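Asks: Each protein sequence line maps, in turn, to chains V and D.
The opening residue of the first sequence carries number 936 in our numbering; numbering runs sequentially from there.
The opening residue of the second sequence carries number 58 in our numbering; numbering runs sequentially from there.
The hints are simulated quantities; they were obtained by calculation from the structure and are not laboratory data.
Fair warning: this is a prediction, and the values are worked out from it, not measured in the lab.
Where hints are given, some of them may not hold.
Far from chain D, by Cβ distances over 10 Å, these chain V residues were calculated [as the list claims (entries may be wrong)]:
#1 960
#2 984
#3 1029
#4 1055
#5 1101
#6 1121
#7 1137
From the structure, some residues in chain D lie toward chain V, with a derived Cβ separation under 10 Å [unchecked claim]:
#8 81
#9 201
#10 207
#11 214
#12 217
#13 223
#14 269
#15 272
Here are the simulated distance ranges between beta carbons [said to hold, decoys possible]:
#16 V:1084 - D:60: 30 to 40 Å
#17 D:135 - V:1016: 33 to 43 Å
#18 V:1098 - D:243: 32 to 42 Å
#19 V:1153 - D:67: 48 to 58 Å
#20 V:1015 - D:73: 39 to 49 Å
#21 D:70 - V:943: 55 to 65 Å
For each residue, glycine too, the CB sits at the ideal point set by N, CA and C.
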Amino acid sequence: MARLANPTQFLKLSAALLPWCAAAAALGLGLGLYLALFVAPPDYQQGEAVRIMYVHVPSAWMASLVYAVMAAGSAVGLIWRHPLAHIAAEAAAPLGAGFTLICLVSGSLWGEPMWGTWWVWDARLTSVLVLFFLYLGFIALEHAFDDKSRGTRAAAILALVGVVNLPIIKFSVDWWNTLHQPASVFRLGGPTIAASMLWPLMVMAAGFLFFFAALLLIRMRSALMEARLRALAFGNPG
Amino acid sequence: MSQFVALVGRDLRLAFRQGGDWLNVAAFFALAVILFPLGVGPEPELLARISAGVLWVAALLAALLSLERLFQPDWEDGSLEALALMPLPLELQVLAKCLAHWLSTGLILTLAAPVLALVLHFDFAGMGALVLAMLLGTPVLSLIGSVGAALTLGARRGGVLLSLLVLPLYIPVLIFGVAASEAASLGFNPQPALLLLAAGLAAALALAPWAAAAALRLAME
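Working from the sequences, and respecting the hints, build out all of it.
Replies: Following this line, the structure appears as structure tokens:
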């Protein structure tokens, strides 16, 4: 980790990793979409509308995962003053907000035919909405100060405070009797979803994961280069 | 301990002698609640149905508006840095400031709530649960708010930003506060919601001072 703290090393390593991540993302999303839209069977109750799941569920997983990445980056940055960790957290925030928005919108589109409503105020939906606002708060706080490092670290503290929300999202469907269905993939006793639907879902999830990794690397690289440009513009060799 | 008490006393004296901030909070709370009967109509059944929610939303907003004076004046005149030199750990100072803030806002809101509840035709049977829920919930508002207030010290457009940071975190208090108040007025057992509020208070008491103190250190760098 100490070696990675060197931005030059990171730029070198990330340049090598990026094409692989991007290729894996393209492959995962391409294959996943094909499997989800053409190969996976329609649901016996939901019909073709079940295919919304292949976008909704991976984006929901990513919404939580990206927040965990962001919070971990914030913690590492605050504790060890690791310079790249804050950059990673800040690069992850808009991506996480995007995944959360996709999750909310696709869930809303799925809810209309299945539940007969675009939105219900159940615990899962509400806690994911709170997650979305936490992302927005992080981004707003990061840019609210004239001193860049102040905003970075204030936002990092907020990210850590918001971690409370992650277990609430995960267990909201178990703790409260909600309209949103309980976990059917990551649960004790194995998944309850049919294998013919589980595989396309997993391929899509892998595609989403690599898509996030590729975008994260691109955003981190551009943030580092931007910092370099600014340093050059002010004639500061550091 | 004596330093803790002294700090609470100082903040309370400032709150009650400077321009009557606590009166502003009470007046805002009352006005915000009074807008609802004028807005949705005076039917007693309708008002009784929404009364718990209206009271809690108004209390949340009143607490939010009072957050800026938690650290802002001390930060502006530099006394925050003087306080940081005290032997009392910054975390405990945050706790003392939250206690003083609660005594001058949350407690006022709790005392005003039953009166305003009558105006909204809130069922008398739920009054005990409402007051108890307010007693448990409003300190959480001060504690969570202290994190937001410390984080936004010196930020551009801090007020709007503060509400963006704090209101999402206030949502659980709103949900369980309303649940406890409504359950009692509808004849159900308010205990589960009250226990969840108490759990929230315990968690906020233990965790919020750390986050707020870290944010204060950042602001004083």
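Asks: The structure should be examined with respect to each hint, and the outcome stated for every one.
Replies: How the hints compare with the structure:
Remark: the non-interface label on residue 960 of chain V is consistent with the geometry, its nearest Cβ contact in chain D lying 31 Å away (cut-off 10 Å). The claim that residue 984 of chain V is not at the interface with chain D holds, since no C-beta of that chain comes within 10 Å of its own (minimum 30 Å). No beta-carbon of chain D comes within 10 Å of the beta-carbon of residue 1029 of chain V; the shortest separation is about 16 Å. Interface exclusion of residue 1055 of chain V from chain D stands, the closest Cβ pair being 14 Å apart, more than 10 Å.
Under the 10 Å C-beta cut-off, the non-interface status given to residue 1101 of chain V relative to chain D holds; the minimum distance is some 14 Å. At roughly 24 Å from the closest C-beta of chain D, the C-beta of residue 1121 of chain V stays outside 10 Å, upholding its exclusion from the interface. Against the 10 Å criterion, residue 1137 of chain V stays outside the reach of chain D, whose nearest CB is about 32 Å from its own CB. Restraint check, residue 81 of chain D versus chain V: the minimum CB separation of about 25 Å is more than 10 Å; hint violated.
At its closest, the beta carbon of residue 201 of chain D sits 8 Å from a beta carbon of chain V; the interface hint therefore holds under the 10 Å criterion. The interface hint given for residue 207 of chain D holds, since its Cβ lies 9 Å from the closest Cβ of chain V, which is under the 10 Å cut-off. Interface restraint check for residue 214 of chain D: the shortest CB-CB distance to chain V comes to about 7 Å, inside 10 Å, so the restraint holds. Nearest Cβ of chain V to the Cβ of residue 217 of chain D: about 9 Å, under the 10 Å cut. The hint holds.
At its closest, the beta carbon of residue 223 of chain D sits 9 Å from a beta carbon of chain V; the interface hint therefore holds under the 10 Å criterion. At about 9 Å, the closest approach between the beta carbon of residue 269 of chain D and any beta carbon in chain V falls short of 10 Å, and the interface hint on this residue holds. For residue 272 of chain D, the suggested interface contact is upheld, since its CB lies about 5 Å from the closest CB of chain V, less than 10 Å. Judged by the Cβ atoms, the range 30 to 40 Å given for residue 1084 of chain V and residue 60 of chain D holds: they are separated by roughly 32 Å.
Separated by about 27 Å at the C-beta atoms, residue 135 of chain D and residue 1016 of chain V break the suggested range of 33 to 43 Å. Restraint check, residue 1098 of chain V to residue 243 of chain D: a C-beta distance of roughly 35 Å satisfies the suggested window 32 to 42 Å. About 52 Å separates the C-beta atoms of residue 1153 of chain V and residue 67 of chain D, a value consistent with the hinted range of 48 to 58 Å. In this structure the supplied range 39 to 49 Å holds for residue 1015 of chain V paired with residue 73 of chain D, their Cβ-Cβ distance being about 44 Å.
In this structure, residue 70 of chain D and residue 943 of chain V meet the distance hint of 55 to 65 Å, their C-beta atoms being roughly 56 Å apart.
In this structure, the earlier hints numbered 8 and 17 are contradicted, and the remaining ones agree with it.
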